[in-house]
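**Q** So the chains spell out like this:
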Amino acid sequence: MTERMIERYMQDLESQLVGFPPDRKRELIDEVRSHIAEARSELGGEADVGRVLERVGEPGEIASEARERLGIPIRKGGALEIAAIVLLLLGALVIPIFGWFIGVVLLWVSTFWTRREKMIGTFVLPFGLAFPLLLGAFPSTLVTVVSTSGGTPQPGATSLWVFAVSIAGLALTVMAPIFTTVYLVRRYRERNAVAQVAQVA
Amino acid sequence: MEPGEARTSLSQLRRGAIEYCVLALLRGGEMYGFELVKELGEVDGMVTSEGTIYPLLTRLRKDDLVTTTWRESESGPPRRYYSITKQGRDALADFAENWIRFRDGVDRLITGGGRR
Chain L
11 MTERMIERYM
21 QDLESQLVGF
31 PPDRKRELID
41 EVRSHIAEAR
51 SELGGEADVG
61 RVLERVGEPG
71 EIASEARERL
81 GIPIRKGGAL
91 EIAAIVLLLL
101 GALVIPIFGW
111 FIGVVLLWVS
121 TFWTRREKMI
131 GTFVLPFGLA
141 FPLLLGAFPS
151 TLVTVVSTSG
161 GTPQPGATSL
171 WVFAVSIAGL
181 ALTVMAPIFT
191 TVYLVRRYRE
201 RNAVAQVAQV
211 A
Chain V
-17 MEPGEARTSL
-7 SQLRRGAIEY
3 CVLALLRGGE
13 MYGFELVKEL
23 GEVDGMVTSE
33 GTIYPLLTRL
43 RKDDLVTTTW
53 RESESGPPRR
63 YYSITKQGRD
73 ALADFAENWI
83 RFRDGVDRLI
93 TGGGRR
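Keeping their order, the protein sequence lines are chains L and V.
So for the first sequence, our numbering puts the first residue at 11; every next one is plus one.
So for the second sequence, our numbering puts the first residue at -17; every next one is plus one.
Just chain L, with the same shape it has in the complex:
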């Protein structure tokens, strides 16, 4: 439970350090992690991790101090990020395969996204909405194969069940890219709001 609190804190910190050079980011994260470990061991078994994390400070505060001291600008999301989101979802529909790949490149080239967001953007689902379209051919072929392969054609329950499962699978492959898009859009808006505030300050 306490380990989870710490992990969540560290993840929060990491996501606030977007745009940092990787070695600086790694260094700061390691230092904060050791600090937390050191504070806990000093307090011994009774360590109230919540209090320790409170004393260490808000990840946002540490990140903005780091930006100020080290001169690292906070990057606002813009056309690059929006283009990536759109192309990831719809790119392959417009230019088969390649359209999606451009989206992936834009995603990874940007310094706006965290590694986690880039991974989700890439792998859930590759080719975006074009993926289920490729798969759309499946249910009917699947049904045909199953119902004629066993030797005796078995219409009815079995093939119907397989059909239902493949429809469900199809629905999932439509929902997955939409989920990713919603996820990225939310992160985009959230982080842009933070960037807005930080730039004014």
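The hints are simulated quantities; they were obtained by calculation from the structure and are not laboratory data.
As the structure is a computational prediction, the values presented were derived from the model and not from experiment.
One or more hints might be untrue.
What the hints assert, rightly or not - With a Cα cut of at most 27 angstroms, we get these calculated DSSO-like pairs of lysine-lysine:
(1) V:K20 - L:K86
(2) V:K44 - L:K128
(3) V:K44 - V:K20
(4) L:K128 - L:K35
(5) V:K68 - V:K44
(6) L:K86 - L:K35
What the hints assert, rightly or not - Which residues of chain V face chain L? A few of them, derived with a C-beta cut under 8 angstroms, are:
(7) F16
(8) G27
(9) R41
(10) T49
(11) T50
(12) T51
(13) P59
Yeah, the Cβ is synthetic: ideal placement off N, Cα and C, and Gly gets one too.
Position chain V against the provided structure of chain L, taking the given hints into account.
**A** Showing chain V alone in chain L's frame:
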């Protein structure tokens, strides 16, 4: 001036002074991050969030005002010890001179100097 505003001026002061407070602590010998935070924390209001010391230390390192060495520790992973450099001592001496003059001046005005 609103009380809230006064607090921001205090944090400005703190931000300006804290690097020299760190250097001053290191004058006495090398220390590692956690130690530094503890010592600073003894001074009322100096440390708001402990984590913010690490960017500061990185900055001091970049400016060659401190150097670091890794040392083994009995109780766990190796620790990074910070020590002050020659430039660090010079910068500190410089600041100390200005600070004392400034502090005395502000003191005089605030504690009822004003018009003579």
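**Q** Take the hints in turn and mark each one as holding or not.
**A** Hint check results:
Under the criterion of a C-alpha separation no larger than 27 angstroms, the hint pairing K20 (chain V) with K86 (chain L) is inconsistent with the structure, at around 36 angstroms. Taking the CA atoms of K44 (chain V) and K128 (chain L), the gap is near 31 angstroms; set against the 27 angstroms cutoff, the hint is violated. The straight-line distance between the Cα atoms of K44 (chain V) and K20 (chain V) is roughly 23 angstroms, inside the 27 angstroms bound, and the hint therefore holds. This hinted pair checks out: K128 (chain L) and K35 (chain L) have alpha carbons roughly 17 angstroms apart, not beyond 27 angstroms.
A C-alpha spacing of about 14 angstroms is found between K68 (chain V) and K44 (chain V), which places the hinted pair at or below 27 angstroms, so the restraint holds. Between K86 (chain L) and K35 (chain L), the direct Cα distance comes to roughly 18 angstroms. Compliance with the 27 angstroms bound is thereby established for this hinted pair. Nearest Cβ of chain L to the Cβ of F16 (chain V): about 4 angstroms, under the 8 angstroms cut. The hint holds. Here the hint on G27 (chain V) is broken, as its CB sits about 14 angstroms from the closest CB of chain L, past 8 angstroms.
Interface hint at R41 (chain V): satisfied, since its Cβ lies 4 angstroms from the closest Cβ of chain L, which is below the 8 angstroms cut-off. Interface hint at T49 (chain V): violated, since its Cβ lies 15 angstroms from the closest Cβ of chain L, which is beyond the 8 angstroms cut-off. Below 8 angstroms, beta-carbon pairs count as interface contacts, and T50 (chain V) has none with chain L, the closest being about 11 angstroms; its hint is therefore violated. Violation of the interface hint for T51 (chain V) is found here, the shortest Cβ-Cβ separation to chain L being roughly 15 angstroms, above the 8 angstroms cut-off.
A distance limit of 8 angstroms between C-beta atoms decides the matter here; for P59 (chain V) the minimum to chain L is near 6 angstroms, and the interface restraint holds.
Against the hints set out earlier in the document, violations occur for numbers 1, 2, 8, 10, 11 and 12.
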